[in-house]
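Novice: As given, the protein sequences belong to chains A and B, one line each in that order. Just so we're aligned: the first sequence equals residues 257 to 560 in my numbering. Just so we're aligned: the second sequence equals residues 257 to 560 in my numbering.
No lab work stands behind these hints, which were simulated from the structure alone. For clarity, every value in this text was computed on a predicted model and none was experimentally measured. Please note that a few of the clues may not be correct.
A pair holds if it fits inside one copy or across any two, identical chains being indistinguishable in the list.
The calculated DSS-like cross-link candidates involving lysine-lysine, where the alpha carbons are at most 27 Å apart (straight line), are [unchecked claim]:
id : residue 1 : residue 2
1  : Lys544    : Lys436
2  : Lys410    : Lys344
3  : Lys344    : Lys360
4  : Lys352    : Lys515
5  : Lys520    : Lys443
6  : Lys307    : Lys258
7  : Lys379    : Lys360
8  : Lys341    : Lys443
9  : Lys379    : Lys410
10 : Lys555    : Lys420
11 : Lys515    : Lys287
12 : Lys544    : Lys360
2 protein chains.
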Amino acid sequence: MKFELTILGSSSATPIFERNPTSQLLNINEKYYLIDCGEGTQQQLMRFGLKAQRIDYIFISHLHGDHYLGLVGLLSSMHLNGRSKPIKVFGPPELKEILDMQFKFSMTALRFPLEFYPTQAVKSDLIFENTDVKVETIILNHRIPCTGFKFTLKRRLPKIRMDKVAELAIPVEHRQLIKKGFPYTDKDGNIHQAEELTSPADEPRSYAYCSDTLCDWTFIDQIRGVNLLYHESTFRHDMLARAEETYHTTAMQAGEIAKRAEVKQLLIGHFSARYRDLNPLLEEARLKFENVALALEGKTFEIL
Amino acid sequence: MKFELTILGSSSATPIFERNPTSQLLNINEKYYLIDCGEGTQQQLMRFGLKAQRIDYIFISHLHGDHYLGLVGLLSSMHLNGRSKPIKVFGPPELKEILDMQFKFSMTALRFPLEFYPTQAVKSDLIFENTDVKVETIILNHRIPCTGFKFTLKRRLPKIRMDKVAELAIPVEHRQLIKKGFPYTDKDGNIHQAEELTSPADEPRSYAYCSDTLCDWTFIDQIRGVNLLYHESTFRHDMLARAEETYHTTAMQAGEIAKRAEVKQLLIGHFSARYRDLNPLLEEARLKFENVALALEGKTFEIL
Chain A
257 MKFELTILGS SSATPIFERN PTSQLLNINE KYYLIDCGEG TQQQLMRFGL
307 KAQRIDYIFI SHLHGDHYLG LVGLLSSMHL NGRSKPIKVF GPPELKEILD
357 MQFKFSMTAL RFPLEFYPTQ AVKSDLIFEN TDVKVETIIL NHRIPCTGFK
407 FTLKRRLPKI RMDKVAELAI PVEHRQLIKK GFPYTDKDGN IHQAEELTSP
457 ADEPRSYAYC SDTLCDWTFI DQIRGVNLLY HESTFRHDML ARAEETYHTT
507 AMQAGEIAKR AEVKQLLIGH FSARYRDLNP LLEEARLKFE NVALALEGKT
557 FEIL
Chain B
257 MKFELTILGS SSATPIFERN PTSQLLNINE KYYLIDCGEG TQQQLMRFGL
307 KAQRIDYIFI SHLHGDHYLG LVGLLSSMHL NGRSKPIKVF GPPELKEILD
357 MQFKFSMTAL RFPLEFYPTQ AVKSDLIFEN TDVKVETIIL NHRIPCTGFK
407 FTLKRRLPKI RMDKVAELAI PVEHRQLIKK GFPYTDKDGN IHQAEELTSP
457 ADEPRSYAYC SDTLCDWTFI DQIRGVNLLY HESTFRHDML ARAEETYHTT
507 AMQAGEIAKR AEVKQLLIGH FSARYRDLNP LLEEARLKFE NVALALEGKT
557 FEIL
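With the rest of the complex left out, here is chain A (with noise of 0.2 Å):
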């Protein structure tokens, strides 16, 4: 099943270098969730061939407006290029409002059904589940109420032991049937039990999603081991006095995290302004924790 993450913007606060604000779109199975939405998304997205009619849910983190200023001009480039279908948004409560007086000066009436979902920024809720994925929220420690997403894979079928596909010769149409728990007949009417035909499926993979915050250790449990883990470093270590107060978290803290938390890969992003060349950010990131790399933009990330 397909899981990858599409950067579409990481830039902190302000555009500049070409680089964007906030927006992220995960592909799972061919659905497309957009995680937050800086102003310019919809640009990006078409400068990536990628199709926003296609994106059925937008979760937004929090409303500094790196995260959500390009999320009107989306919903209102949906609507006016003919979108009849539902498009499901998870924020926090306030962004309806910034919607509905949007909409309601520029006299729209969206053709399609906006389903808003508030999210709140006190404890971890389970927001959403559908036969692919659940996601939760991650309480971020920000200047306003934020909040981060896990998106947890279902869990997997188990896989068909393909030694016992030898020995008895078991047909492609029913070993669909095996990993869903039937048992299997032989030629000679013998039953065999699934779980004798099949080994345990991998553990569900997942991406944690974590911008913006300081460096914060009251979520770490719930991002243990995530598949991919994508964590805000907004500055080098040297800001450290700077990064605590905006609320910020640094490259090493991000690679410290990553270690405590024993992910599999780490991503950085929201970088500050003040880095043209985003190399001693990775560096930093890379001396606690290894295997990182850069939310560049336009680059796309499976979820391995």
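With chain A held as given, fit chain B onto it using these hints.
Specialist: What follows is chain B alone, placed relative to chain A:
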């Protein structure tokens, strides 16, 4: 005195084909006046090497998203980049509510004074005047209240007559005084009045910005003879019914308006997403009025 217009965006409704929604930057005597501010305007300013902090005046025509959704982001970036000098924003009264609500929820207290001047779309007003320019609203005919803006430079000083300069050997340092109306005493003690030594100043140059509007003849006298008219041309004339239904103008109508208003040059823009190639719109407007140009992004037009 510099009087030139740079196009930052000229797409209608939705960004497409690398075209951004509407925004224009007017440079009057090295001061920046921003006209409309669609999503991505701050990115466009950066792209074309224009410093956002030099903008002191912002004019918003109406509250359709493609004309103002970039404003909160632009103001936020000015704030984060340390602006302290005031900014003047002119636009519909509801724009202030939109700004206030978004700054409230993001807990942003702007570090610079934002002076808001509400416009009304019922009757043309003189809304601003300084030593360089006066700005009047143009009452447009759109689905929601919408004003254009007419920028008229202040009258220039009269021109010194070069034949008199030669005849009377007028030194350079006296010429500016004569232009300002002071009499000149020549080397024989004869007094010459300024009127004898000068010829009348050129007509003050002007720029009229008309977007978005149904083709409307009520403001033709107000835009008569302007040096540059920007008029929206959302559709080709074969889409007249659609233009009327959506309160927009066709390229042919824009040409006809320019002709009847006897403007010096016409600039067309606000192109529908249905046109990848814009030349047919240009050719259509030229059927009615010869001196037409397309409002292409990044292009600068000197207003002569």
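Novice: Run every hint past the structure and note whether it holds.
Specialist: Here is what the structure says about each hint:
1. Lys544 / Lys436: Intra 42 Å, inter 72 Å, cutoff 27 Å: neither.
2. Lys410 / Lys344: Within one copy, since 20 Å is at most 27 Å while 53 Å is not.
3. Lys344 / Lys360: Classified as both: same-chain Cα gap 20 Å, cross-chain 25 Å, threshold 27 Å.
4. Lys352 / Lys515: Classified as neither: same-chain Cα gap 37 Å, cross-chain 47 Å, threshold 27 Å.
5. Lys520 / Lys443: neither (44 Å within a copy, 91 Å between copies)
6. Lys307 / Lys258: Intra 17 Å, inter 43 Å, cutoff 27 Å: intra-copy only.
7. Lys379 / Lys360: Answer is between: at 23 Å across copies they meet the 27 Å cutoff, but 32 Å inside does not.
8. Lys341 / Lys443: neither (49 Å within a copy, 86 Å between copies)
9. Lys379 / Lys410: within (22 Å within a copy, 61 Å between copies)
10. Lys555 / Lys420: neither (41 Å within a copy, 69 Å between copies)
11. Lys515 / Lys287: Neither, since 31 Å and 52 Å both go past 27 Å.
12. Lys544 / Lys360: The answer is neither: 50 Å in one copy and 38 Å across copies each exceed 27 Å.
Hint check: violations occur at hints 1, 4, 5, 8, 10, 11 and 12; the rest are consistent with the structure.
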